[in-house]
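Trainee: Here is how the chains run, residue by residue.
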Amino acid sequence: MRGLLSTEVETVGGKTMFFDENITFIDLEASDRCDAIRKMALSLYDAKLVSETFERGVLEREDRFPTGLSVGTIGIAIPHTDADKVIKPQIAFASLKSPVKFCLMGTSDVEVDVSLIFMLALKKSEDQLTMLQRLMEIFEDQKLLSEFAECKSQEGLEQLLNQAGLK
Amino acid sequence: MKKLLIMCGTGVATSTIVTGKVKSWLEANGLQNNVKLYQSKISEELSRLDDYDIIVSTTLVPDNVKSRIIDGVPLLTGMGKEEMFEKIKAQILA
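Residue numbers (the working numbering), protein chains in the order written: chain W, 52 to 218; chain D, 447 to 540.
Just so you know, these hints were derived from the structure itself, not from any lab. Hints are supplied without guarantee of correctness; some may be wrong.
[Stated by the list, open to error] Each computed DSS-like pair below joins lysine-lysine, with the alpha-carbon atoms no more than 25 Å apart: (1) D:482 to W:174; (2) W:174 to D:487; (3) W:218 to W:174; (4) D:535 to W:175.
Since the model is a prediction, treat every value here as computed from it, not as a measurement.
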């Protein structure tokens, strides 16, 4: 199928709440990126937000198309997979107790130490653009990212998500 | 009108963000009528890259096409985005 025409890629004031199921981990302990991905994907699956093929999809995709991003001193990753493995759109968040290595997006061998993971369970629809753009605004805000990395409580995390316009 | 393809691994997440940002940038620079945007996933596009005038990718592309692809990652992190927009602009006006 041909890609969308520009006129079809519109920003809509989407009200879909991507963090409403509270799939969040503070100081997640993970031995490597696969372990972190598995734990987060399992949590999305347990909440019936994704199909059982989601985890494998994310792991395979991460190998072929890495999602690590380096923002100043902070490494983040946005693992995700195809929309057909998603039941209800959601974003799972984890701050890691110790960073794990992801490959940088657009490379096959450059690694980055990741301490924040936003796992995206997305469907292909226009209303997720607003939310994704807000998420990216966080990524461009070094100070806010540090606050996410340093946040140690569920309440604090809620506040940060609110502040970022994500909740 | 130039055809500008924005692609990523799944055609869902990062290409959506980059498409949104490129669209806003085109409008801010009065270039929206010079370009038609397409968003897709790399696996669907590799065989027909010649259909497009300008290609932005957030994901790794095969070496044989590398030279004509603009790296879209700067639009995700904000780092180096001005240089990236200059590259797109140069190709739109070429």
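Trainee: Work down the list of hints and note, for each, if the structure agrees.
Mentor: These are the hints, each one checked on the structure:
{"no.": "1", "hint": "D:482 to W:174", "verdict": "holds (24 Å)"}
{"no.": "2", "hint": "W:174 to D:487", "verdict": "holds (14 Å)"}
{"no.": "3", "hint": "W:218 to W:174", "verdict": "holds (18 Å)"}
{"no.": "4", "hint": "D:535 to W:175", "verdict": "violated (28 Å)"}
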